[in-house]
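K.L.:
Protein chains in written order, with the numbering used here: chain S, 1 to 474; chain Y, 1 to 115.
Rather than coming from a laboratory, the hints here were simulated on the basis of the structure.
Be careful, since some hints might not be right.
Stated by the list, open to error - Pulled a few chain S residues facing chain Y out of the computed Cβ check, cut under 10 Å: (1) His-34; (2) Pro-35; (3) Gly-41; (4) Asn-64; (5) Val-95; (6) Val-106; (7) Ala-110; (8) Gly-179; (9) Ala-231; (10) Ala-243; (11) His-300; (12) Gly-304; (13) Gln-306; (14) Glu-370.
All C-beta atoms, glycine included, are put in the ideal place defined by N, C-alpha and C.
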Amino acid sequence: MALLAVLEPGGDAATALYILSFSLFIFGVRRGTHPTTAKQGNMIAAVGMAIAVLTTLLLDGIGNWGLIVAGLALGTLVGVVASIRVQMTQMPQMVALYNGVGGGAVALIAWSEFRELDSHLAGGEIPLDELIPILFSAVIGSVSFWGSNIAFAKLQDLISTRPLAVPGQQVLNALLLAGVLFACVLIAANNDGPSEGVFIAILIGAALLGNLAVLPIGGADMPVVISLLNAATGLSAAAAGFALDNVALIVAGTLVGSSGTILTLEMATAMNRSVSNVLFAGFGGAPAGGAAGAGEERPHTSIGAQDAAIKLAYADSVVIVPGYGLAVAQAQHAVKEMADELEKRGVSVNYAIHPVAGRMPGHMNVLLAEADVPYEKLREMDEINPEMPRTDVAVVIGANDVTNPAAKNDPDSPIAGMPIIEVHEANQVIVIKRSLSPGFAGIDNDLFYEPNTSMLFDDAKKAAAEIAGEVGNL
Amino acid sequence: MEVIVELTIFVLAAFVGFEVISKVPTTLHTPLMSQTNAIHGIVMLGGLIVVGFADDTLEQTIGVIAIAFGTINVVGGFMVTDRMLGMFARKPRPKPAESSADASGSAGSAKGRGS
Numbered sequence: 001m002a003l004l005a006v007l008e009p010g011g012d013a014a015t016a017l018y019i020l021s022f023s024l025f026i027f028g029v030r031r032g033t034h035p036t037t038a039k040q041g042n043m044i045a046a047v048g049m050a051i052a053v054l055t056t057l058l059l060d061g062i063g064n065w066g067l068i069v070a071g072l073a074l075g076t077l078v079g080v081v082a083s084i085r086v087q088m089t090q091m092p093q094m095v096a097l098y099n100g101v102g103g104g105a106v107a108l109i110a111w112s113e114f115r116e117l118d119s120h121l122a123g124g125e126i127p128l129d130e131l132i133p134i135l136f137s138a139v140i141g142s143v144s145f146w147g148s149n150i151a152f153a154k155l156q157d158l159i160s161t162r163p164l165a166v167p168g169q170q171v172l173n174a175l176l177l178a179g180v181l182f183a184c185v186l187i188a189a190n191n192d193g194p195s196e197g198v199f200i201a202i203l204i205g206a207a208l209l210g211n212l213a214v215l216p217i218g219g220a221d222m223p224v225v226i227s228l229l230n231a232a233t234g235l236s237a238a239a240a241g242f243a244l245d246n247v248a249l250i251v252a253g254t255l256v257g258s259s260g261t262i263l264t265l266e267m268a269t270a271m272n273r274s275v276s277n278v279l280f281a282g283f284g285g286a287p288a289g290g291a292a293g294a295g296e297e298r299p300h301t302s303i304g305a306q307d308a309a310i311k312l313a314y315a316d317s318v319v320i321v322p323g324y325g326l327a328v329a330q331a332q333h334a335v336k337e338m339a340d341e342l343e344k345r346g347v348s349v350n351y352a353i354h355p356v357a358g359r360m361p362g363h364m365n366v367l368l369a370e371a372d373v374p375y376e377k378l379r380e381m382d383e384i385n386p387e388m389p390r391t392d393v394a395v396v397i398g399a400n401d402v403t404n405p406a407a408k409n410d411p412d413s414p415i416a417g418m419p420i421i422e423v424h425e426a427n428q429v430i431v432i433k434r435s436l437s438p439g440f441a442g443i444d445n446d447l448f449y450e451p452n453t454s455m456l457f458d459d460a461k462k463a464a465a466e467i468a469g470e471v472g473n474l
Numbered sequence: 001m002e003v004i005v006e007l008t009i010f011v012l013a014a015f016v017g018f019e020v021i022s023k024v025p026t027t028l029h030t031p032l033m034s035q036t037n038a039i040h041g042i043v044m045l046g047g048l049i050v051v052g053f054a055d056d057t058l059e060q061t062i063g064v065i066a067i068a069f070g071t072i073n074v075v076g077g078f079m080v081t082d083r084m085l086g087m088f089a090r091k092p093r094p095k096p097a098e099s100s101a102d103a104s105g106s107a108g109s110a111k112g113r114g115s
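Please work from the sequences and hints to get the whole structure.
P.N.:
Rendered as structure tokens:
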């Protein structure tokens, strides 16, 4: 293998290849901003990654090939199998999991680099410009690993999606953070003989912090959290780049850090939540508007698939409002079928996509694209809302909070001011949903009790298939 | 490399990230998040360097786990992004004559009007 080792670590040739690789990342992400070039952009970024990995493998002095190959093979195997098997509906938790392992890798590298510097200390000091980035990567990487795993578990319904909070949680988190920071200062102050025990305590403290910070956050806010952790992992990777003097890590990590920050802010804005609000205020634990006990037996209208089919078939214009329930029920193909049957009868069908429909911006677009729904039928909220009063029937499929008129009408509601799809403006509304239970925000939806709303209590996929069949028979 | 040079690179890269990303239509946010997620898997290089130069067993063990984690992040991230984007690439079947123009037109104007 010595034949392969041709590049001097930190030398011009290796650095030039790293520069090529991060240029491809930037170019790839840029191409990723338009639907027609996005796939190509992803390929370009992947090529950049391959160049970066090969360059590193060619560095002079790299040994332990058996271990390296084992790590690469294991990671590739898991990555490939997971990516092939994951369903489109599970994308958000898949991203959370990949983000988590990335953060875990950062934390482990920080630990290892700490040991490496420590062992070569020989009476000198660890330079602070290496030690501080190592500590930063260790803390953020560990928080990101555990936080992402909790986010994954919540989205996968392994643990309750409700906000879980203990009394004094924020005080506890603040104390934990203070403790972790204190330990970091302790290590930095003793950089002539830092204690590995304290370093491991930092990793564990940050792990606890990651768990405790994400547990109290409700399922509805998970996309914001994952996006934030994605940005954080990027920054921690950049910090690892400072510690390792690796320009590819610095640029790529920073690129992810700044892009993830923008994405996080956009998501939070779409949900009318500030990022600090998401992180520090458990959502729906105790709704302020008093909606909790009020809605025991409110009157609502319930209909079956046949009635729904008749309403839809004789309408001129139908707007479908898909939500996370559609994703969970894997109903995108059935809904497309239903829309096809309606269009055969001359009904105009459009889809109204809330910015956070599904569990991430763009998630619903991916699902509907999978079912071959043409782009031009996917209409954004701001574009479709003015058309709502002219719409005959709005069909809400598995969506809840994003259609709740309380966001507009009730200033006391916890979701007051959140932009919604104004389905209540349509002549008639059909809501396909399993029950009247509240959505992720944990509050009742006034829409269900409006006089022009009909509830169709069923699984989204089954209901859509039945309606499609009934429309076909009319 | 000097710290000040690294800091310069860091700040410039942050601005590049803001500029490149702020033009993405909402439709592509999930794939984009997944793609950037794959890119931070570049930290696996750190694992390669650690293992490649480590002579102590604990460091090697930690490093191998880091390589495996980073590789999952990279391989899984790019593959999943590719799968998601593959769905957008499929052409709408009706009206084949104008479909491709429609598709790119409406998607482009979806949010990022200037793009």
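K.L.:
List in ascending order the numbers of the hints, as given earlier, that are violated by the structure.
P.N.:
Of the numbered hints given earlier, those the structure breaks are 8, 11, 12, 13, listed in rising order.
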